[in-house]
Structure formats: structure tokens, C-alpha cells
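Enquirer: Chains as they are written, first to last, in the numbering used here: chain Z, 1 to 521; chain P, 1 to 119; chain D, 1 to 159.
Misleading hints may appear alongside valid ones.
Stated by the list, open to error - With a straight-line cut-off of 30 Å between C-alpha atoms, the simulated BS3-like cross-links for lysine-lysine are:
| no. | chain 1 | residue 1 | chain 2 | residue 2 |
| --- | --- | --- | --- | --- |
| 1 | D | Lys67 | Z | Lys34 |
| 2 | P | Lys113 | D | Lys156 |
| 3 | Z | Lys119 | D | Lys156 |
| 4 | Z | Lys34 | D | Lys156 |
| 5 | Z | Lys119 | Z | Lys378 |
Unchecked claim - Quick partial rundown of chain Z residues pointing at chain D, CB under 8 Å, derived from the structure:
| no. | residue |
| --- | --- |
| 6 | Ala16 |
| 7 | Leu19 |
| 8 | Val27 |
| 9 | Ile31 |
| 10 | Ala35 |
| 11 | Ala38 |
| 12 | Phe59 |
| 13 | Ser62 |
| 14 | Ala63 |
| 15 | Ile65 |
| 16 | Tyr66 |
| 17 | Thr67 |
| 18 | Met68 |
Everything labelled a hint here was simulated from the structure, so no lab data went into it.
C-beta atoms are modelled at their ideal positions from N, C-alpha and C, and glycine is treated no differently.
Chain residues, written in single-letter form:
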Amino acid sequence: MNVDWLLTHSPALLIAIPLLAAFLTPVIDRINKKARDAFVIIVLIIAEIIMIALAWDVFTGSAHIYTMGASSPTATIPAQAAVPIRIVLEVDGMSAFMGLISTTVSLAAGFYSLAFVKKETGQGRYYALLLLMLVGMLGMEFTGDIFNLFVFLEVLSMASAALIAYRFYYGDAVEGAFKYCVVSSLGALMVLFAIGLLYGQYDLLNMAALAKVMKYTTLDRIALVLLIAAFAMKCGAVPMHMWTPDSYTVAPAPITAMLVAASQASLYALFRICFSLYGLTLDVTTVGIIIIALGLLSMFVGVTMALPQKDIKRLMSYHAVSQTGYMLLGVGVGLYLLGKPDFDTYGMAAMEGGIFHIINHALYKGLLFLTAGAIFYKVKTRNLNEMGGLAHSMKFTTIFFMIGALAIAGIPPFNGFASKLLIYESAYHVSPILSIIAMLVSIITLASFVKVFHSAFMGPPMENAEEGDVPKSMIIGMAILTVGIILFGLFPGWVVSNIVHPAAQALAAQAGYIGSVAGGA
Amino acid sequence: MIYNIPFFAVIILIAVGMYAVIFRRNLIKIAIGITIVESAVNLFLITLGYREGGVAPIYTNLPANVVIPGGMVLPVPQALTLTSIVIGVAVLALMLSFIIRIYQYYGTLDSKKVRRLKE
Amino acid sequence: MNDENGEGLSPIVKIISGMIFPFIMIFSLYVIMHGHLTPGGGFQGGAIGASAIVMLIVAFGARHTEKRAGEEKLSLFESIGGTLFVLVAILGFIMAATFMSNFLVGSAIFGEIPPFGSNPGILNTGGILPILNFAVGMKVIGGLSAVVLAMALVSKEDD
Numbered sequence: 001m002n003v004d005w006l007l008t009h010s011p012a013l014l015i016a017i018p019l020l021a022a023f024l025t026p027v028i029d030r031i032n033k034k035a036r037d038a039f040v041i042i043v044l045i046i047a048e049i050i051m052i053a054l055a056w057d058v059f060t061g062s063a064h065i066y067t068m069g070a071s072s073p074t075a076t077i078p079a080q081a082a083v084p085i086r087i088v089l090e091v092d093g094m095s096a097f098m099g100l101i102s103t104t105v106s107l108a109a110g111f112y113s114l115a116f117v118k119k120e121t122g123q124g125r126y127y128a129l130l131l132l133m134l135v136g137m138l139g140m141e142f143t144g145d146i147f148n149l150f151v152f153l154e155v156l157s158m159a160s161a162a163l164i165a166y167r168f169y170y171g172d173a174v175e176g177a178f179k180y181c182v183v184s185s186l187g188a189l190m191v192l193f194a195i196g197l198l199y200g201q202y203d204l205l206n207m208a209a210l211a212k213v214m215k216y217t218t219l220d221r222i223a224l225v226l227l228i229a230a231f232a233m234k235c236g237a238v239p240m241h242m243w244t245p246d247s248y249t250v251a252p253a254p255i256t257a258m259l260v261a262a263s264q265a266s267l268y269a270l271f272r273i274c275f276s277l278y279g280l281t282l283d284v285t286t287v288g289i290i291i292i293a294l295g296l297l298s299m300f301v302g303v304t305m306a307l308p309q310k311d312i313k314r315l316m317s318y319h320a321v322s323q324t325g326y327m328l329l330g331v332g333v334g335l336y337l338l339g340k341p342d343f344d345t346y347g348m349a350a351m352e353g354g355i356f357h358i359i360n361h362a363l364y365k366g367l368l369f370l371t372a373g374a375i376f377y378k379v380k381t382r383n384l385n386e387m388g389g390l391a392h393s394m395k396f397t398t399i400f401f402m403i404g405a406l407a408i409a410g411i412p413p414f415n416g417f418a419s420k421l422l423i424y425e426s427a428y429h430v431s432p433i434l435s436i437i438a439m440l441v442s443i444i445t446l447a448s449f450v451k452v453f454h455s456a457f458m459g460p461p462m463e464n465a466e467e468g469d470v471p472k473s474m475i476i477g478m479a480i481l482t483v484g485i486i487l488f489g490l491f492p493g494w495v496v497s498n499i500v501h502p503a504a505q506a507l508a509a510q511a512g513y514i515g516s517v518a519g520g521a
Numbered sequence: 001m002i003y004n005i006p007f008f009a010v011i012i013l014i015a016v017g018m019y020a021v022i023f024r025r026n027l028i029k030i031a032i033g034i035t036i037v038e039s040a041v042n043l044f045l046i047t048l049g050y051r052e053g054g055v056a057p058i059y060t061n062l063p064a065n066v067v068i069p070g071g072m073v074l075p076v077p078q079a080l081t082l083t084s085i086v087i088g089v090a091v092l093a094l095m096l097s098f099i100i101r102i103y104q105y106y107g108t109l110d111s112k113k114v115r116r117l118k119e
Numbered sequence: 001m002n003d004e005n006g007e008g009l010s011p012i013v014k015i016i017s018g019m020i021f022p023f024i025m026i027f028s029l030y031v032i033m034h035g036h037l038t039p040g041g042g043f044q045g046g047a048i049g050a051s052a053i054v055m056l057i058v059a060f061g062a063r064h065t066e067k068r069a070g071e072e073k074l075s076l077f078e079s080i081g082g083t084l085f086v087l088v089a090i091l092g093f094i095m096a097a098t099f100m101s102n103f104l105v106g107s108a109i110f111g112e113i114p115p116f117g118s119n120p121g122i123l124n125t126g127g128i129l130p131i132l133n134f135a136v137g138m139k140v141i142g143g144l145s146a147v148v149l150a151m152a153l154v155s156k157e158d159d
């Protein structure tokens, strides 16, 4: 049981251990409640440690290929046929990057949930579903097989829908969950249709093998349109963003933080399909312009709908839509320049900006949703007109909120500044209008968060406000994300060259992806 | 031409299902619409695997004492369809549970009246 | 034979469904265990088993079935099935190459290698597949019947 053995089997361990814990949690819940809490936190910490070790190995070395059920991807069923039918898990730079985001946000949400849901019924099932959400996210990010992507997408959607409706005594929670369920199951059915189209033509389900034989026929174009539409719908890009404010508002606060990470897993699937499955066979100019247009629409519509909101979580969820636009813009510019000679200078910088923004957004948006949950825990309302003067009694929450708001607006020395600067600089070379719109959106973001800060925290204290801050486990959950924000803001150069650059390179180099799985392009 | 009829059926079923999801107001009819779309996609996956003159892809008790058959239909789409049917059952169970709770809370199943989350 | 709250169907239905229930469960176990030879397997056999329990719910009423095969016991049954699945898969990489590898081929339990071509179906083949089928069958029986029982109980509360 040495470190080498652990590192070899870690992709499968990262999916198997939370899955086993998710099945055992209802059993342990029947025995003792405190044991269940301790069990869930221990499993989340173990997953985080294994993920950090695996990410370290992948960023400094090469990609990990893990075959389920045999020792190499081309091993055939013995003695009869000559067909390699294997399901592979492939962890390259981009997958390890997204895996880090999923485990960190899950750990923070797990700590936060210990105090937040303490008075609800059915907590054993809550923690089981939380672990299943983590399994779905990690499965989507690690798989090398397109049908496996669909299965884990459905696991993630169903676990999230059940958790959004967790507090079923609020009628609008169940309504938001129903909307989420309808939208995500229609999107997943479109993905399945596209998988059927691809399978019917090439008789392959493995993404690297498909990328090798892909010819860009008409049916492939239809499949690409269906896949981009479905995954953009799942990550909340305008014009398919209608479900995002409704479901993010009514979910319990730690679940909203995990829903942000889940939307980013769908964003990862979108990038994986555009860059590694289709690669240069698709028409990069057209598809790049479409993704850039989606990004610009999301940024602008998200932030203008956020300004007049009175509900604090609904305002933050419109900002989540707008920040998704930044990521789409950055990577869209990279896709637009793929294969052209300009790619190595500012195309790669744009992709690094977009990818760095993914982890920044998960950290600061998760923190903002957790602070909104802390406010709801104290004053039992989400309406900005009914709260005020909370800075007198909730000191830690005020500091965390200020850090999160400065980070989202892109103020140095927090991490939002570094990724937004990369996006502004490189999008300027494609067209100056992109940078101008991005900067304008940033200013309006700062304006709306100043409004929230003034309404919620400044002013005279409320009459029936209790003294003291929220319970300690919620503060620990928020502190985990704050440490990430501050560190990434103070050392952006180290982060970009050691964490983001391997991820961007793994995404852009399709030949490396095919070569590592199929053994020689 | 006759082997293309299942594909026409798939398109018609997807159109009927999408019409039910988009234009109907009763929540149960929306759930039924999603089930129809899911059945259409399952039919599409099964039809992809058909090979003319093939037998079922199992070796147990093959018909007419054939030792190794001339052709079999593809087994992989059958596995994909089975997974999709299981997922469809889970989705339907979840949506019906939500509908039961919404009916208990609001007293109506009309989606125009169950719209507290506006703007 | 009417019980205390007078629910459920008539006595003939209750007697006949009580007599048929074991046969349906045996048929469902047959479909589960022969999943590697004939069409069937974990989910299909589990759905048949869950239909048997749903038949009991319809014949005897939800509250009566809740006392006998309560929701807690069905949830426990389901969790044990799921745990068995993941444990057998983890054993795959402790005892042999990688996750979910078929380490029972050639051994005494389910380990024969079937001949090529048409054969009458030998049960002793398949490696870990019959065990995984059985675990999935347990999970499906527990899960589907718990869902239908919960829905039947919720709608009974309103009356």
C-alpha cells in the first residue's frame, strides 16, 4: 500500500470511495448521528488529499490513463475476438484542474452543512445525495468515454434536483426543483441523441478513438450542435439561462455552492467536446464566434438583470450567469484562434484567462453564496429591504462578504483581478469591443455588490437581531474558500504557470490526448 | 425504404413530446411529454443496431441448430438503451414526487398558477 | 379478513396475491441470476420483484404493508445491495489488475469459461457478473418498492 500504488489507482479510488460512502451513510445514520457527521467529513477530507496528490502528479508528469477491468486500454477479450472494448478514465491537466475545484467546494459545503441543516429531517439522505453529487462531478471530469459522460451527467442532475427540493415545506423550493429537473432531463436526452448519432456512424464510444477517425460529415455537425446546445443549457449560458435564478435561489446555501461547481463540470464537458473530440476538424472560426457570442450575451444580460433584484441569492445567481460569460469568452477566443499562427501568443493567454477564471469563480461565488446562507440563518429572510446593520453582530461574515465582493469585481490583490486582466488583454487583440464590454460588465458588478453590502451590512442594527455570529462549522466552511481566494490573489504567477498552463495545454493539444489513450496517434 | 420507418417514428415522437412539454399547462402532462421524448430516443438507439437477417445476440439456445450464426444484431446499443430506460424511471419517479408536493402546497396543478418565482 | 381500517381490496384478492407472491419473487430471482445467459439481469429482475411488492401494496393497502415490510427495512436492503456492488468492484483491484476487473475467471465460484458457439447456457460462468447482477437486483427491489410505498403513504395522509 505504498504511494505508487495509490497514485496508480487514484482515478478509480476517487470515484469509488465517495460512492461507497454514499451507500453507507443511510445505514450509519440509523445507528448514530454524530458518527454519520464524522464519517462524511472524513470521506471528504480523504478525497481532497488523494485529489491533491493526483493533481500534483499530473501537473508535473504526464496524463494518467486508467482502464477499468484490464491493465491497458488495448487489451482484448482473451482468445476469441480482436476487439478492444474497454472503458477508460483519463486524467490529464484539465481534468485534474476541475477535480481540484470539485473536491474543494464539496469539502467547504460539507463543513458548512453540519450546522446549516442540523434542524431538518432526513439528514442521512442529504449527506448521501451530497456525496453522490461529488461522484457525478468527478465522474464527468475523469471519464474518457462519451456514454459514461452521459451517465454521470444524469447522476449529477438527479442528485442536484433532489437536493434543491430538500426544504420541501417551502413551496417555491419544489417548484424550482421541478423546473431544474425538466430542463436538465431534456438537455441530457439531447446529449443521448447526439451520442447515438456518433455511434451509428463510427461504431465507437471512446473519445480518443472517435477523435482519431472523425470526419466532419453533416450528421457530425448535427451532433455538435446538439451537444453544444445541451451543455450550454446545463451551465447557464444565455439564452438558456432561465432555470438558473429559480433553482439557485431556493436551494439550501451549501447546495447552491455545489451547484456552481456542477455547472462548471458541464462547462468542462463543453470544452472537452469542442477541443478534444472534434479538434481542428471543425470550423473553428464559426464555432469560436458562436461561443464568443454566447459569452458576451451571458455577461451582459446576467449583470443587467442582477441590478434591480431584491432577493440576495437571486442577485448572486444572475451574477453567476454573467461570470460564466467570462469563461466562455476566454476559451471562445482560444477556440477562434486554434490552428492559426496567433494562437501561441495571445490565443493561449486567452485560454489561460478563461480557465483560471473557472477556479476563481468557484471560490468566490461559493463564498458569496455561503455568506448569503449565513445571513438567512440569522435573520430568516432573503429580502434586501428587510435586513440591515448586520455588520454590528456578524463580524466574520462581513469580512468574508467583503473579500468575496472585491474578488468578483476584479479588484487587486484578490484573484478575480488576475484572470480578468488576462481575458481583457487577449480579447483586445481579436476585437476591442470584447474588452470594452467585459470591463463595463465588471464595473456594473461592483455597483450591484456595493448595493448589497450597503443594504445588508451597513446602517442601524435591526430590532430583533441576536448577538453573535453563525456557528463555528459554518465559519470553517467559509474560511476554506477564503484562504484559496487570498492565496490565488497574492501569487497569480505561480498559479498560472504551474496549475493553469498545464490545463490549457492539455486542452489545446488534441494529438497528445489521442496519443496517450490509443497509444500513438 | 421500409427500414427507415422507425426513424420517422422517432422524429414524430420527439415532436409530440416537445409539444407537450412546451405548450401544455398541466404539470403531469409535462412529465408525460418528457417520458415520450425519452421513449423516442430509446427507439432511436435500438434501431441503430439492426442488421438485416440477424438473430438476437446471445449464444444460449440459438434457433434451428445453428452453431455460429451468420449475423447478429449489435448488442452495444441494447446496453445503452437499458441504461437509458433505468435513468428514465428514476427521472419520472423524482418528477412525480415533486408534483405530489406541489399539489399539497398549492392545491392546483396548473403551471400558470404555480409561479411564485418571477423576475 | 378486513383489517382495522378497512382498506385494501376484497378477501379473494388478498388470498390469491398472498399465494402468488413467492412465485413472482422466485421468477425475479431467476431473471436476475441468469443475466449473463439470457436476456435479463439486475434491473429487469429487480423491476419484477418490485412489481410483486407493489401488488401487495395494492391488495392489502399501504398502511398494512408499511407494518410488515416497512420503508426503513427496504432502505436498508437497498443500501446493502449498493455497498455489495462497490465492495466487489474494489476487490477487483486489490486482488487483480484494476477496478472492476473480473478476478473470478478460472476459479471455483462462477469461474468456468464457456465454449464458443451455441450452447444450452451454463450457469457457472461469468466471473463477477452474477454477483454484480445480484447486488443491482437487491438495490432495485428495495429502491423501487420504497418509492411506490412512500408515494402511496403520502396520498393516504390527505384523506
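Enquirer: Indicate, hint by hint, whether the structure satisfies it.
Expert: Status of the hints after comparison with the structure:
1. D:Lys67 x Z:Lys34: Holds: Lys67 (chain D) and Lys34 (chain Z) sit about 28 Å apart, inside 30 Å.
2. P:Lys113 x D:Lys156: holds (25 Å)
3. Z:Lys119 x D:Lys156: Holds - the C-alpha atoms of Lys156 (chain D) and Lys119 (chain Z) are around 26 Å apart, at most 30 Å.
4. Z:Lys34 x D:Lys156: violated (33 Å)
5. Z:Lys119 x Z:Lys378: holds (14 Å)
6. Ala16: Because about 6 Å separates Ala16 (chain Z) from the closest Cβ in chain D, which is inside the 8 Å limit, the hint holds.
7. Leu19: holds (5 Å)
8. Val27: holds (5 Å)
9. Ile31: With Cβ-Cβ at 11 Å, over 8 Å, it is violated.
10. Ala35: For Ala35 (chain Z), the interface hint is violated, since the closest Cβ of chain D sits about 15 Å away, which is over 8 Å.
11. Ala38: Violated, about 18 Å.
12. Phe59: It is violated, given that the least Cβ distance between Phe59 (chain Z) and chain D is near 23 Å, above 8 Å.
13. Ser62: This hint is violated: Ser62 (chain Z) lies away from chain D, its Cβ roughly 18 Å from the closest one there, beyond 8 Å.
14. Ala63: Since chain D brings no Cβ nearer than about 16 Å to Ala63 (chain Z), farther than 8 Å, the hint is violated.
15. Ile65: Where the cut-off is 8 Å and the nearest Cβ of chain D is about 11 Å from Ile65 (chain Z), the hint is violated.
16. Tyr66: Since the shortest Cβ distance to chain D is 7 Å, the answer is holds.
17. Thr67: Holds, because the Cβ-Cβ distance from Thr67 (chain Z) to chain D comes to roughly 6 Å (cut-off 8 Å).
18. Met68: Hint on Met68 (chain Z): holds, closest Cβ of chain D at ~5 Å, below 8 Å.
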